[in-house]
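Trainee: Residue numbers (my numbering), protein chains in the order written: chain A, 590 to 893; chain B, 114 to 445; chain C, 2 to 340.
The hints are all genuine.
Pair by pair, the computed Cβ-Cβ distance ranges are:
id : chain 1 : residue 1 : chain 2 : residue 2 : range
1  : C       : 80        : B       : 139       : 55 to 63 Å
2  : A       : 646       : B       : 223       : 46 to 54 Å
3  : C       : 290       : A       : 802       : 29 to 37 Å
4  : C       : 39        : A       : 646       : 58 to 66 Å
5  : B       : 258       : C       : 39        : 27 to 35 Å
Residues from chain A that face chain B, not an exhaustive set, calculated with beta carbons under 7 Å:
id : residue
6  : 726
7  : 829
8  : 864
Derived from the structure by calculation, the hints contain no laboratory data. Ideal Cβ positions, reconstructed from N, Cα and C, are used throughout, including at glycine.
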Amino acid sequence: MSTITATAPATADVSMEQPSGLTLFLRYLRRNKGLAVGLIILLGLILFTVIGLMTINPKHAYPLSVATKKPPSLQYPFGTDFFGRNLLAAMVVGMWQTAVIGVIAGGLGTLIGVVLGFTSAYFGGWIDSTIRTICQILTPIPVLLIQVVVAGSLDKRDVTIVTMALIVVMLAWMGPTLVIRAQVLTMKERQFVSVAKLSGVSDIGIIFKEILPNLLPFIAAAFVGQVFAAVFASFYLAVLGLGPLREPLLGNIIWAAQLQGAFFNGWWWWPIAPSIGMILILASLALINMGLDELANPRVRKTE
Amino acid sequence: MNFKLIAKRLSFLVLVIWAASTIVFFIPRLSPRNAIRERFAELARSGGFAPGDIEKLIANMNEQFGLDKPLLEQYWNYLGNIVRMDFGYSLNRYPATVTDIISQALPWTFGLLLVTTILSFIIGNLLGAVSAWPKAPRWVRSIATPFVLLTGVPPVIMGVLLLFFIGFRLKLLPLGGAYSIGVVPNWSWEFALDLLRHQLLPGLALILGSVGGWVLSMRGMGVTIQGEDYVNFAEHKGLTGGRIFRDYYLRNTLLPQVTGLALALGTVVTSAIIVEGLFGLPGLGTVLNNAIRSNDFPTIYGIVLFITIAIAVLMAVLEFIYPLLDPRVRNQ
Amino acid sequence: MNLATTENAASRNPAAAAASPILRVEDLVVTYYTDLGRARALDNVSFTLEAGMKMGMVGESGSGKSTLALAMMRMIKPPGRIEGGHVWVGGTDLQSLNDEGMRKARLSKIAYIPQGAMNSLNPVTRIGEQMVDAIKSHLSGESRQAINDRCVWALKSVDLDPGVFHMYAHELSGGMKQRVCIAIGILLRPEVIIADEPTSALDVVTQRQVMETIDKVQDELNSAVILIGHDMGLMAQTMDRVAVMYAGRLVEVATVREMFTDPKHPYSQALISSLPTLDNRGQFKGIPGLAPSLLRLPSGCAFHPRCPLASDRSRSEKPKVNVLPGGRLVACHIYDQES
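Pulled out of the complex, with its shape left as it was, chain A reads as follows (with noise of 0.2 Å):
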C-alpha cells in the first residue's frame, strides 16, 4: 500500500504579515462580543470603586454617619438608608469588599482545584480514586445551606470580610477540581507528554513546561467561575443575614432593608442601588465567564 505524502505540512508561513497580537485580540472582541461588554462593565465597575474610594468618606458607609431615610438626591445620589449610610459610600465600600472576597475565595479555590486536580490525574491510582471520590460526593450537598450553617454557627463577632471569603471557598473547590483534572487526563494521554517524556524531561520539567501552559486558559476560566460563585455565595449569605453585619456588602443592605420593610415603608432607593450593583457585577462576570468558555473551547468560537 503506497502512499501520497507531502514532504511538510501544507500550511505556509503566514509569519510575514501576521497581524499585531492586540489586533488580533480586537478584532477577536468584535466577535465576541459577550467577553467584549463583559470585560467594559468590569472596567466600569473598577472604576467607580477606585474613583470612589478616593473621592467618599468610607465612615459614611457606616450607620450614623448621616441623615437617614433620604431619598436620592445631588447630596446623596444613592439616598440614605434608615440607619444613615450614605447609599453612595456603602456601594464603593461595599463593592471593594465584594472584590475583596471574590478574589480571596476566587484565588483560593482555584489554586486547591488546580493542585488536587492536577496531583488526581496526575499521579493516578488510588490518590485519583480517593479525591475523585470525595468531589463526587460533596458534590449534591446543597453548598448554601451548609454555608449557612457554619455561618450560623459562628459568633457573630467572628464573622469578618476573611472569614466570609473562607467559608464560601469551603464547598467550592469541587468543581476546578474535576474540571482540572479531566483536562490534565487528557493531556496525559496525548502525544506531547509521551514525546516529552522520551526525549527525557523530567515529570516537573513536564509539568511546568508542557502541562501547565495549556492549561492556562481552563485555569482562567475556573478562575472567574470560582470568583462569580464566591461572589454569588457571599451575597446570598448576605441576604440571610449571615454576613459580617456592620460591613456595607451589597446582600447587608439587601437583607437590613428587608427587616425594615422598605418597600412597604416607600424607602424603594435602599435595596434597589446595592441589587443594581450586584447585577452588574454578576453580569460583567458571567459575560467574561462566557467569553473565556468560547476561547478555550475552539470548536465553540464563531469563525465569522
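Could you slot chains B and C onto chain A? The hints should help.
Mentor: What follows is chains B and C alone, placed relative to chain A:
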C-alpha cells in the same frame, strides 16, 4: 436490571447523606456557642429569672435534648434519628417538632419548585437550542439574547426588582404572603385566584432568574452538537430542517442538560428557598429565615438536612432515568 | 412499488449515457473569508464524468478535494462561499436550484458518503430510523411496506444483515458503520455518488470489503462515482480515472493507466515517482518545498516554486486547462501547444 449498578448508586446516595449529616452534626459543635444557653440568656434578659433557676432549666433542657451525653453517643443517636427522619424539637415552637414544621411548609415550596423548574427548563432549553441553530430565522434567535443577559440577575435580585416595579410602583401584584390578609382559606375559585396572584411574582422571579442559565448552557451545547458529523450527514442526506433539528440536534443536546439539571438541583432548591423568604410565602424559605433570626438551631439543621436528602434522592432518580434516554449508557 | 422502475436517467438510455456525461462541473469557485485574509479554496475547477465511471480524486491536505465535494453538495458554510460555477447532474444545474430544490436533490440525484467509521451516525436513534427518515424526506407517498423493502434492499446490497436495522451505531464495527453509510447513500438510487475517504480509517481487509461493496453498488445503479482519497495504490487498483488537485486547482485528469505510466503535469510526475516500486527499494524521492497557503497563492502557476520545469511564463501566467487528445486534462504551460 443490573443489581450491581443499583447497589452502587444506592450506596453513593447513602454516602452523600451520611457526609452531609456528619458535617451538620460536627460543625455547630465545634463552636463554643450553646443554643440552649443563648436561648435562655435571651429569655433571662426579658423576664426576671433568678440565676440559679436558669442553670437548672438549662441542665434540664440539655438532658431533654440529649446534649449532656458523650459526643460519640450523641452522634450515634443522631444518625439513628436521621434515618427515621426525626430532626428533634424546634427551639422556637416547642413542643412542635422540626418534622412537623417541615411538613407544613413543604407543600408550598414543592409546588413552587416543581412548576418553576419545569417551566424554566423547557423554555430555557428550547430557546437556547433555537438560538444556536443557524437555520432559525434571525428574529427568533435574537429572542435568546436578552435572556442571556438575565443570567447576571439571580432569582433573589430578580425578586427585588419585580417587587419594586410591579408590586410597588405599578401595584399590580401583591408584595408578599401566600394569600391576602383577612382571607380564610377555602376551596373556592376566588381563593385559588388569590393564591395564584400571590405566587405569580415569586414564580416569575425564579423562572426569569434561572432561565438564562439554561439558555446559555443549551446554546453552548447546541454549538458543539451542530459541528458533529452526524448533524452534517443529516443535512447531506437531504433531510428537512425540522427533522434535523428535532431528531439529530435536539435529542442529542437535551441529554447532557438532563445531567445538568441533576447537578444544578442544589442551586435550584436554594434559590427557591431564598425567594420564598423574600416574599414571605409560608414555605421552607420563610421558616428557615425565621429560624436563622431566632437562632432556632434544630430547625436550621433539620431543614438543611432534609433538603440535602431530598436533593440527593432526586439526583439518584434522575440518574436512573438517564439510561432510558441515552442508548449508549444502557447496560448490555 | 417496484424498485426496478425507479432507475436513474443514465441506465434508462445507455446510448445517451455514453454520449453525454452524467456529471459536468464547470468553473466552480469557492472562497473562504477569514480573519487573516481571503483563501481561494477552489479555483475554476471543471471536469466531467460519465455514468458508470469511477474517478479517484487525490491531493495533499488543503488541496481542495473535500471542498470540491462540499461545493458540489452545496454544503459550504460561512466563512466559505461558492462564488461561481455550475454543477450539472443529469440535466439539472444544482447551483441554480433554490434551497428546497437542493435539499431534495441531495441523496436523490447526488449522494455524499462520509467516513462512516467516524461519528456520522446519530448515536441516539436506531439505524433503521436514520434510513427511514432519509426516505420520508424525499418520497412522501411511500407505504410502510415499500419503505421497508427499500431499506432491506439497501442493506443487502452492502452485504449487511437486515437485522442491523434495529441496532444502534455504537453496536457496530467501523467497517459495518461505513457500509451503513453506503447503504444510506444508495437508498434513492442517485446518479452521482461521492465517497469521501471511505477506507482511510479502516484496516486492510475491511478496506477491500468496502471497495468491493462500492463496486457492486455502482454496477447495480450505474451511477458515477467520485472517490476522494490519498492512497494511490488503492486508486490504481479500483478506479477508472484519476484527478489530481493542487492548491485548489485541478491540475490533471487522466485514466488510471495514463496517470501511472505517463503522468503529464510536473506535480503528478513528482507524485508518481515518489511512490515506491519494486525496483527502487530504499530510495524515496519527496517533493521539495511546501504546499502554498491558500491565503497567499504564488503568482501564475501555483506549483511553480516547486516545479523543476518552471519558466518565466509559469511565474506570471496562470495556466489554463488544456484538453489533450483522448480527453486528458492538464493545467500546465508545457502543453499549451498540444491542445
